[in-house]
Amino acid sequence: MTKSNFSRRGVLKTGAIASAGLALPTYLRADGHSGFTNAPGDSQVILGFNVPQTGPYADEGADELRAYELAVEHLNGGGDGGMLGTFSSKVLDGTGILGREVKYVTGDTQTKSDAARASARSMIEKDGAIMITGGSSSGVAVAVQALCQEAGIIFMAGLTHSNDTTGKDKRANGFRHFFNSYMSGAALAPVLAANYGTDRKAYHLTADYNWGYTTEEAVKSSTEALGWETVNAVKTPLTQTDFSSYIAPVLNSGADVLVLNHYGGNMVNSLTNAVQFGLREAQANGQNFEIVVPLYSRLMAKGAGANVKGIFGSTNWHWSLQDEGSKAFVRSFGTKYGFPPSQAAHTTYVQTLLYADAVTRANSFNPCAVAEALEDFEFDGLGNGKTLYRGDDHQCFKDVLVVKGKENPENEFDLLEIVEVTPVDQVTYAPDHPQFAGGDLGTCNPGA
Amino acid sequence: MDQIILQILNGLDKGSAYALIALGLTLIFGTLGVVNFAHGALFMMGAFVSVTVSKLLTLSHKVVDETRTDFLGNPLQVDVPYVYDWFGQGAGDAIIDWAVPISIIFAIPIMVTIGFIMERGLIKHFYKRPHADQILVTFGLAIVLQEVIKYFYGANPIPTPAPSAFTGSFDFGVAFGFDPNAIIYPYWRLVYFFFSVIVIGAVFAFLQFTTFGMVVRAGMADRETVGMLGINIDKRFTVMFGIAAAVAGLAGVMYVPINPPNYHMGMDFLVLSFVVVVVGGMGSLPGAVAAGFLLGILESFASMSAVINILPGINQIIIYLVAIIILLTRPRGLMGRKGVMEE
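Here the protein sequences come in this chain order: G and Y. Once you know that position 243 of the first sequence is 339 in this note's numbering, the rest is easy, because the numbers rise by one and skip nothing. Once you know that position 87 of the second sequence is 1478 in this note's numbering, the rest is easy, because the numbers rise by one and skip nothing.
In case anyone wonders, no lab produced these hints; they're calculated from the structure. Please note: incorrect hints may appear among the correct ones.
Unchecked claim - When the alpha-carbon atoms are kept at most 20 Å apart in a straight line, the in silico DMTMM-like pairs for lysine to aspartate or glutamate are as follows:
| no. | chain 1 | residue 1 | chain 2 | residue 2 |
| --- | --- | --- | --- | --- |
| 1 | G | Lys432 | Y | Asp1461 |
| 2 | Y | Lys1446 | G | Glu506 |
| 3 | G | Lys208 | Y | Asp1461 |
| 4 | G | Lys208 | Y | Glu1538 |
| 5 | Y | Lys1446 | G | Glu508 |
| 6 | G | Lys423 | Y | Asp1461 |
| 7 | Y | Lys1453 | G | Glu506 |
| 8 | G | Lys502 | Y | Asp1461 |
| 9 | Y | Lys1453 | G | Asp510 |
| 10 | G | Lys423 | G | Asp295 |
| 11 | G | Lys405 | Y | Asp1488 |
| 12 | Y | Lys1453 | G | Glu508 |
| 13 | G | Lys502 | Y | Asp1470 |
Stated by the list, open to error - To spell it out: a stretch of chain G is covered by chain Y in this simulated footprint if at least three of its residues, at any positions, have a beta carbon under 8 Å from a beta carbon of chain Y; those stretches are:
| no. | stretch |
| --- | --- |
| 14 | 365-371 |
| 15 | 398-405 |
Glycine is no exception: its CB is placed at the ideal position from the N, C-alpha and C atoms.
Bound conformation, chain G alone (with noise of 0.2 Å):
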């Protein structure tokens, strides 16, 4: 006969510590064997692609989603496997990410911040996602980066431009890869000056939101140190679809560049406008007036159509590329897809490898081990040529490009031009620098 140990009491205390262990969210539970938020089983691990998948970035956020495909296939051994074979680090060999397949789900950012957040913490929660990655605003990235700070759980920036990303909002679990507003400035600046000279007047408008800001910082003090002068600088509201008001003063306002900080459906709105205003053929101070867009994007050049024809502006990668690294995307997404990748799929795809990368080289999945792994890293391959992970502010260093929109297209992809290929070390600045200051990216959080 067996005599029960149990009793009344001892039941119900273990039932209610029980039933409050498994209350708490998946994400402030640290995992008894691992010491960190969703340590992935043995044999797969889930990350999360968090991409605008409605909403007017829609189009730009399923290009994401094609890259983060090919990736994860790429990094379980399947297709051609694209950048891995040019990537400067031969840790990764098609066996998934420590030999766990990977798997992956997918939210919805709207490119709404709450909504953003909210998709992120259900794939952190529900999903067990160790890895958040994916955006195309600056505001959902530094709102998404900040949620997954305070869950443990690395952020892997997708198309994010602004300074504050890795300046006063850096973070210590969040890492971006893309190019920001400072570089854009930087490199544009000696190209606009060499083909438009240094006795300039700039008109700026600017989307009136963190972004806009950054970057008309950027543009307006890397063009004033050439010698520009800036007469006005005007704030237009995010929700502004036409812009006749703001553009039609301009002409008669003393400038002969109009530099438009918009991005999306503002730049291709204000771009077109300007056009049909005649700025492009306008002349103003005995000079051919000119007009600046800082950040392109060959979706949005699309949108704007013909009208992107010569101007200038920056970006972060384009499919043209001849490198190794480009030049292997490119043939595996548009063997894959039928058409060539955009920035955002490019920067989105080198993120996925760069994690799975770096928590091979670490051993683990611990966000501390990633992020130390991750911090300082240099590599090449990828289609930015030498590229550093600067451990001061998890911002990658690596050379920018000017493009100019194509004047012949000779299909309907080839809108851009590379005009010159800024070297790094013209767009690199000291961690400390005016433009990013303020924020502190504190310690990594492994959420345990």
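Dock chain Y against chain G, hints included.
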């Protein structure tokens, strides 16, 4: 002075779009008593008729060009539009160039049909329901329509340029004795303004000078009595819904060269158009047109940097501020009739 003239001109084309959409909204409200939140979507659908016609005119077959390669290094497949085959390259180019004006011919029957289907298929079931129900169902319909468009055309704006004869801008300054470049205005925006004046004039003439219009006006004033005279006023009101849809659609067709259309463009105009209708006076057609132009011009003035420097943020609130002032001083709007929305 030149800046003032410039902003008045700017306001005219913006006002044209507001006036055309508000005119349609008022027609529907005045005849059927329905608050149609899907009206912005009709404007958007009109724009996409233009996009569709452009796409159809540039429908192509592939011809392999062995001398060139695509991005993957394969022989380049060049798109050759069928209109080149049918009419020769010169005439084909001209047809493609004039895609937007050509779209008008297609837009009228398409938009009238869409209006008919909307009214008979959905909206007629909500005539006797409260305005809140009408707003909910039409708003829901607007979301469905824009998602349908997004499904087929994507989320990115689609460039649909004006005929090359209308690209560039006209220097009013030189014509009126100001400095060159002081008052410039794009040709297509002028076209848009005159087009909207013609459409508005045609709608008013139709209502004023035809028997059908007379009956509709009588129905708007006193539906019950007209019904008692043995006239099937519902049928005529359905036709008016179709006409209102066509007016919104035409506003959209001609708007695409001004800003590349996307699935969301209707929503951008919808709220402003309702403000225009309320400011103009619910149910008043001349009020809607007058308020459309007035608010368009005011919005342009509020965007001047001289004004923003004095009152930061005024460009974002001017329309609503003016609406509040007008409604406080004239609760029925500029030309509102007594008894409308007051029961």
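So, going through the hints one by one against the coordinates:
Taken as a hint, the Lys432(G) and Asp1461(Y) pair is honoured in the structure, with Cα atoms around 15 Å apart against an allowance of 20 Å. Using a Cα cut-off of 20 Å, the hinted pair Lys1446(Y) and Glu506(G) holds, with the two alpha carbons roughly 18 Å apart. Proximity of Lys208(G) to Asp1461(Y) is assessed by CA-CA distance (about 37 Å); at most 20 Å being required, the pair is judged violated. The straight-line distance between the Cα atoms of Lys208(G) and Glu1538(Y) is roughly 18 Å, inside the 20 Å bound, and the hint therefore holds.
About 14 Å separates the Cα atoms of Lys1446(Y) and Glu508(G), which keeps this hinted pair within 20 Å; it holds. Of the supplied pair hints, the one linking Lys423(G) and Asp1461(Y) holds, its CA atoms being roughly 13 Å apart against a limit of 20 Å. In summary, the hint linking Lys1453(Y) to Glu506(G) is supported, as the alpha carbons are separated by about 14 Å, within the 20 Å threshold. Our distance criterion of 20 Å between C-alpha atoms is met by Lys502(G) and Asp1461(Y), whose separation comes to about 16 Å.
With a CA separation close to 17 Å, the supplied pair Lys1453(Y) and Asp510(G) stays within the 20 Å bound. At roughly 39 Å between alpha-carbon atoms, Lys423(G) and Asp295(G) are farther apart than 20 Å, so this suggested pair is violated. Pair hint Lys405(G) plus Asp1488(Y) holds up; C-alpha atoms about 18 Å apart against a cutoff of 20 Å. Restraint check for Lys1453(Y) and Glu508(G): the C-alpha separation of about 14 Å stays at or below 20 Å, so the hint holds.
A threshold of 20 Å between alpha carbons decides the hint, and for Lys502(G) with Asp1470(Y) the separation of about 19 Å falls inside it, so the pair holds. Coverage of the stretch 365-371 of chain G by chain Y holds [criterion: at least 3 residues with CB-CB distance below 8 Å; count 3]. As drawn, the stretch 398-405 of chain G meets chain Y at 6 residues by the rule of a beta-carbon pair under 8 Å; at three or more, the given contact holds.
Violated hints, in rising order: 3, 10; the structure is consistent with all others.
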